[in-house]
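Participant: Residue strings, one per chain:
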Amino acid sequence: MVGIKKVEYGKKQVLSTSDAIAYAVRFCEPKVTAVYPITPQTWIAEKITELINNGEMDSELILVESEHSSCSAILGAAATGVRTFSATSSQGLALMNEVLHVLSGMRLPSVFAIASRALSSPINIWADHSDMMNSRDTSWIQLFCESAQEAHDTIIQAYKISEKALLPVFVVVDGYTLSHVYEPVFIETKQKVKSFIGDYKPTHAYLNPKKPMTQGPIGYPSEYMDFKLEQQRAMNKALNVIKETNRKFKIKFGRSYGNGLIDERVRSKRVIIAMGSMCTTLRGLEKKYKKTKYEFSLIKIKSFRPFPKKELLRALSNATDIAVIDRAMSYGNAGPLFIEVSSALGEAGYRKRINNFIVGLGGREARIKDFEFIIKNIGRESYWINVNGGKNISFSAVI
Amino acid sequence: MSKYPVIKKVGNTKEYKTGAWKTIKPVVIPEKCIGCGKCWVFCPENCIYETTKNGKKIFEANLDYCKGCGICAEVCPVKAIIMKEDEE
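Sequence lines, in order, name chains F and P. My numbering numbers the first residue of the first sequence as 1 and each following residue consecutively. My numbering numbers the first residue of the second sequence as 1 and each following residue consecutively.
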């Protein structure tokens with residue numbers, strides 16, 4: 001899989017999403033990379049170690065003994081004021097969890113690529129968003145991609161966003177269903193990427209013997225909460241940073257992804273909200289059902305954190321029926337994205353018919369006929385899709 | 001207060017008096033102390049310091065930072081340190 005074909009820069013070619021991510025990272029040149037292999041992310045790490053080994057990429061590679069260590073190594077490196085990169089999946093991301101909070105709490109920029117995958121138990125290596133939802137409250141920016149090109153471009157944007165917002169960023173691709181898919185990708189050139197993201201100039205955290213500092217000291221009850229308020233301020237500001245970066249990216253590279261936060265292309269009274277690779281399937285169906293009884297429009301949430309409440313509410317202002325598709329479950333309640341959308345609507349005082357579909361957990365197939373069932377049931381009952389041997393089971397029947 | 005959890009001042013840990021965490025405190029009996037410095041070596045908080053009492057070299061603990069772990073009392077070869085209830 002690796003190194004079969006020579007990749008040409010500044011040209012469109014067929015590449016896997018993992019390779020597309022690795023080349024974007026190569027152009028951004030993180031000074032420190034720390035990775036631990038875990039399926040389905042391993043391909044990204046493999047490609048990066050290959051690029052470093054071949055002398056194509058100048059980065060200090062730290063091979064660690066766990067994801068907790070890789071995240072800790074990145075934390076230390078980022079604290080010295082350099083660009084950093086890591087990648088992981090599922091249990092690896094869960095193991096990183098406590099250090100993720102430290103990185104964002106210390107307001108250190110970093111970019112991690114995540115090939116999202118289900119969490120144990122039962123052990124499962126296939127795609128869903130459980131690992132991302134598990135790290136929802138870590139104060140990391142989460143950007144979900146739906147194509148190899150978007151993943152390539154989002155890595156480039158992510159460094160700019162992270163260093164401006166002073167928050168770390170996850171660039172998320174669905175494990176296998178996107179990470180291992182070959183697609184035509186325009187691979188940029190290092191020169192162009194460098195001129196877009198510039199050099200990283202650390203503002204508050206760096207290593208300079210002439211200017212010693214304490215990083216991450218104890219926060220007493222008299223201080224802790226104020227730092228957390230700053231974090232929320234940073235997240236709110238990040239909404240504009242993401243939008244602005246997406247706009248500048250379009251000017252420089254000619255590609256953009258909605259407004260950077262959400263992607264809506266047409267407006268209809270019936271709306272489906274989703275994230276990740278299944279948006280491409282839904283976009284095809286959006287065209288198919290145009291001007292029919294089941295006409296709907298798709299809203300792709302690209303930025304799950306920060307959650308683009310204002311933009312989403314504007315997009316939903318004329319909607320009457322809304323379906324939210326979740327590729328994860330908050331057990332004991334509903335899908336996490338559904339909860340977010342409902343709370344945004346409730347807070348704004350909107351009254352709409354809204355329902356939830358739980359789809360494709362642990363790589364369970366999301367077939368065209370499943371999506372067609374969803375399209376026909378927007379705003380009605382909530383369902384678990386394609387379970388117990390191909391059945392759709394309503395939430396109220398799950399007892 | 002800074003926007004970021006960073007302190008750009010050298011030696012700032014001195015300002016955080018952590019001694020209030022303890023429940024028991026070491027009390028040195030100057031007559032017994034032989035000034036060997038074993039407590040100074042073993043103190044994990046580095047809060048034992050050298051001083052003189054009646055012209056004699058002895059060691060005492062800085063109670064602003066002492067957490068009352070009792071290691072100094074444990075290692076003292078002449079039992080010159082006793083751990084007492086901290087009433088503060």
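Keep in mind that the hints were calculated from the coordinates and are not lab data. Hints are supplied without guarantee of correctness; some may be wrong.
[Unchecked claim] Below 20 angstroms or equal to it, Euclidean Cα-Cα: the simulated EDC-like pairs (lysine to aspartate or glutamate) are:
#1 Lys201/F to Asp321/F
#2 Lys32/P to Glu74/P
#3 Lys3/P to Glu230/F
#4 Lys8/P to Glu29/F
#5 Lys9/P to Glu347/F
#6 Lys3/P to Asp226/F
#7 Lys17/P to Glu223/F
Participant: If a hint holds in the structure, say so; if it does not, say that too.
Facilitator: Against the structure, the hints:
no.: 1; hint: Lys201/F to Asp321/F; verdict: 47 angstroms, violated
no.: 2; hint: Lys32/P to Glu74/P; verdict: 15 angstroms, holds
no.: 3; hint: Lys3/P to Glu230/F; verdict: 6 angstroms, holds
no.: 4; hint: Lys8/P to Glu29/F; verdict: 29 angstroms, violated
no.: 5; hint: Lys9/P to Glu347/F; verdict: 44 angstroms, violated
no.: 6; hint: Lys3/P to Asp226/F; verdict: 9 angstroms, holds
no.: 7; hint: Lys17/P to Glu223/F; verdict: 16 angstroms, holds
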